[in-house]
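Enquirer: Take a look at the letters that make up each chain.
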Amino acid sequence: MRTSSPTSWGNIPKASHSCHKLNSRLAELPAAEKSVLPYGLGRSYGDSCLNDGENLLLARGLDHWISFDSETGILQCEAGVSLAEILEKTSPRGWFLSVTPGTRFVTVGGAIANDVHGKNHHRAGCFSTCVLDFELLRSDGSRQTCSRNENETLFRATIGGLGLTGLITRATIQLKPIVSPLIESEQIRMRNLDDFFALADETQDTHEYCVAWLDGLASGNALGSGIFIRGNHVGEPTDLTWKKKTMLPVPCHAPSWFLRKPFIKAFNFTYAHKLRGDRHQTREHFLPFFYPLDVADRWNRLYGKKGFFQYQCVVPREGDGGPIREILEHISQSGQASFLNVLKVFGDQPAEGLLSFTRPGVTLAMDFPNRGPETLALMTRLDEIVMASGGALYPAKDARMRGEDFRTFTPNLNQFIPHIDPAFSSSFWRRCNSTPPVVKP
Amino acid sequence: MPTTLILGATSAMAEQTARLLAADGDKLVLAARDPQALEILAADLKVRGATDVHVLTPFDATQSGSFEDLLNEAGDFDRALIAYGSLPDQEALKNDPAGIRREMCINFGSVIDLSSRIASRFESKGQGTLAVISSVAGLRGRQSNYIYGSAKGGVILFLQGLRNRLQDHGVRVITLLPGFVDTPMTAEMKKGPLFVSSAKAGTCIHKALTRGKGDVVYVPGFWRFIMWIIRALPEPIFKRLKL
Ligand SMILES: Cc1cc2nc3c(=O)[nH]c(=O)nc-3n(C[C@H](O)[C@H](O)[C@H](O)COP(=O)(O)OP(=O)(O)OC[C@H]3O[C@@H](n4cnc5c(N)ncnc54)[C@H](O)[C@@H]3O)c2cc1C
Ligand SMILES: NC(=O)c1ccc[n+]([C@@H]2O[C@H](COP(=O)([O-])OP(=O)(O)OC[C@H]3O[C@@H](n4cnc5c(N)ncnc54)[C@H](OP(=O)(O)O)[C@@H]3O)[C@@H](O)[C@H]2O)c1
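Line by line, the protein sequences are chains A and B. Sequential numbering from 181 applies to the first sequence in the working numbering. Sequential numbering from 26 applies to the second sequence in the working numbering.
Worth flagging that the hints you see were computed from the coordinates, not collected in a lab. Any given hint could be a false lead.
To be verified - Among the chain B residues that face chain A by a calculated CB cut under 7 Å, a handful are:
hint	residue
1	Ile65
2	Ala68
3	Asp69
4	Val72
5	Ser169
Stated by the list, open to error - Taking lysine to aspartate or glutamate pairs in the EDC-like style, the calculated list, with each CA pair at most 20 Å apart, reads:
hint	chain 1	residue 1	chain 2	residue 2
6	A	Lys269	B	Asp49
7	B	Lys150	B	Glu213
8	A	Lys423	B	Asp207
9	A	Lys201	B	Glu98
10	B	Lys71	A	Asp249
11	B	Lys71	B	Asp59
12	A	Lys486	A	Asp232
13	B	Lys71	A	Asp232
14	A	Lys201	B	Asp207
15	B	Lys71	A	Glu265
16	A	Lys201	A	Glu315
17	B	Lys119	A	Glu251
Don't be surprised by glycine CBs; every beta carbon is placed ideally from N, CA and C.
Start from the sequences, fold in the hints, and give me the full structure.
Expert: Put into structure tokens, the structure is as follows:
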């Protein structure tokens with residue numbers, strides 16, 4: 181069965197697939213000669229959701245609700261249901277996702293397979309914390325219910341397991357209660373990295389959500405300047421209903437001036453200085469607070485046909501910044517930063533998945549337009565700092581890390597490997613488990 | 026809350042229509058061949074807001090002996106959507122008269138049988154809406170699928186007559202004419218620009234059922250224009266085309 185070939189969010193690498201649309205969770209996996217990989221909404225940036233030359237199982241079609249109990253906030257649904265659909269259904273009835281990434285257009289299956297994190301990682305941990313159980317369909321035809329009490333190691337292997345342990349067909353999720361769709365949010369100007377750390381510390385216990393947006397081109401004393409954003413759910417009841425807004429379309433790839441450095445510099449400067457005073461407090465709907473990028477549909481096209489890389493690392497927090505300062509200095513010197521540059525301190529609670537990315541430290545996520553060798557060289561240099569500091573890179577955002585680095589970043593790899601379904605594989609997996617690495621920008 | 030009976034509820038287009046009816050809070054009565062798939066569908070539609078979802082005993086269009094019992098089991102309903110259908114491999118059927126008869130039974134015989142029974146029920150109540158999914162393929166015979174096309178075409182004529190008959194009896198008869206819709210039925214076809222999603226088709230069908238006034242509804246509307254041209258081609262030219 182063939183349909184047009186899906187891409188990942190960064191449009192790198194190009195890949196072609198045989199695609200199998202799934203529409204019944206009761207069906208067996210399609211018989212295929214080559215390996216298969218589940219694909220959700222393709223919001224991973226690199227090649228972890230791709231399986232070049234082999235098969236994709238388009239899991240978005242598994243989009244049935246199973247049950248929703250508005251007394252307990254327990255939701256059962258198929259794995260292709262998106263977080264956007266969950267919020268539309270449950271938030272008007274007073275239930276919210278206890279962990280959500282920076283876009284709501286991801287599937288439950290994808291959120292589990294990357295064990296995604298959000299602005300409340302310091303309080304709530306990763307997505308898996310709200311997963312009570314799921315069903316895993318393996319290529320031998322077996323169906324295993326996995327939870328903390330049943331098939332526990334397979335549960336932990338599948339969380340953050342990059343889609344390699346089998347197909348998640350359905351899941352049970354615990355939502356958390358809210359009384360208002362509004363967020364009490366605050367934006368605070370940060371003059372530099374010291375401000376960031378001071379604000380992050382101050383916010384730990386006072387705010388459920390926080391993240392910082394950086395001007396990736398600022399340097400010297402202004403290194404790390406930007407805007408610190410934090411918020412809490414509004415505590416007094418307000419009308420829970422809300423209307424869906426239509427998204428701005430991005431109909432085609434952006435023209436090249438859009439990615440030229442002067443334009444990006446002007447954008448960063450303007451954005452960093454958009455606050456009139458040093459602080460701005462407001463009550464806003466949860467949609468703009470959590471998902472500012474979701475206002476535009478397919479905004480990844482703004483990066484043009486060549487696509488873009490996202491670089492997300494976590495490094496230990498040391499002294500006045502240590503490795504993260506070094507990383508930011510390199511990026512600022514390179515002048516390659518673009519529009520999205522996000523910094524956050526992760527909480528200390530260990531993640532449940534054998535391969536989960538999050539760990540204590542500071543995480544930086546940055547988009548880099550694909551300028552070929554120049555961009556790859558910068559990221560290789562950043563890798564060295566991450567490696568030396570004992571940090572790690574996020575596979576969900578990666579199209580080019582070296583296999584040996586991945587293996588270093590993944591201390592539980594040997595425990596994980598026996599749980600891989602023999603019929604499952606991905607471009608990422610083959611790239612990172614064969615040396616030398618292949619990089620095709 | 027109006028009650029809608031859906032025959033062939035597991036069809037992708039029917040399912041998308043049912044989701045919208047459920048969100049309206051309607052009551053749904055579902056029939057299809059596969060009881061397990063129906064169970065999944067029924068649970069889903071309840072979460073989507075359907076006031077009540079009733080699943081009938083498995084329904085196979087080739088078993089006409091069971092139709093009256095099926096409709097009795099369905100109880101009282103205000104609307105009916107006949108959605109099931111089968112798209113055969115025309116090449117394989119060319120020299121298989123029994124196969125042709127089977128396909129005719131699914132796509133034509135059973136459809137007009139059920140339509141008549143439902144129409145009579147609506148007629149005696151003095152109200153009701155019957156919608157049947159035919160196809161644009163039923164508007165002109167083409168070498169690539171005239172077996173399917175003629176069955177769907179027969180349905181179009183039948184409904185036309187039925188509509189005419191029931192015009193003054195408060196009964197609405199809707200002929201639905203989808204073009205290319207991306208569903209399991211067309212899974213093996215290459216998807217050109219004329220294809221729409223089953224969700225889009227569901228939106229059109231839902232609108233026709235609940236708000237529209239049309240008798241013959243193209244799904245989606247642009248097919249009215251395309252078929253106007255295709256039907257206008259003179260036969261001496263059309264017969265030479267490789268369609
Ligand atoms: C704008 C934007 C913001 C983002 N912000 C964050 C963030 O704040 N935090 C964060 O952690 N991530 C973030 N991400 C990344 C995104 O949340 C993850 O990549 C997520 O996993 C994507 O889900 P998906 O449904 O699109 O899955 P895909 O990208 O299609 O697939 C992701 C992985 O899940 C597997 N998979 C998908 N479905 C199934 C299934 N049914 N069974 C088994 N495996 C399956 C795939 O094989 C693949 O390995 C962001 C991405 C974007 C585009
Ligand atoms: N897709 C298109 O491009 C297109 C275009 C024009 C018209 N149509 C028509 O649209 C309608 C809906 O089809 P779809 O596109 O939604 O395809 P679909 O998802 O494949 O649905 C077809 C449905 O018909 C059912 N069915 C087949 N044979 C049956 C039988 N003997 N008894 C009972 N049910 C039977 C199938 O049941 P099972 O699930 O049990 O197999 C299935 O639910 C059909 O009438 C089709 O002819 C489709």
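Enquirer: Which hint numbers doesn't this structure obey?
Expert: 5, 7, 8, 9, 13 and 17
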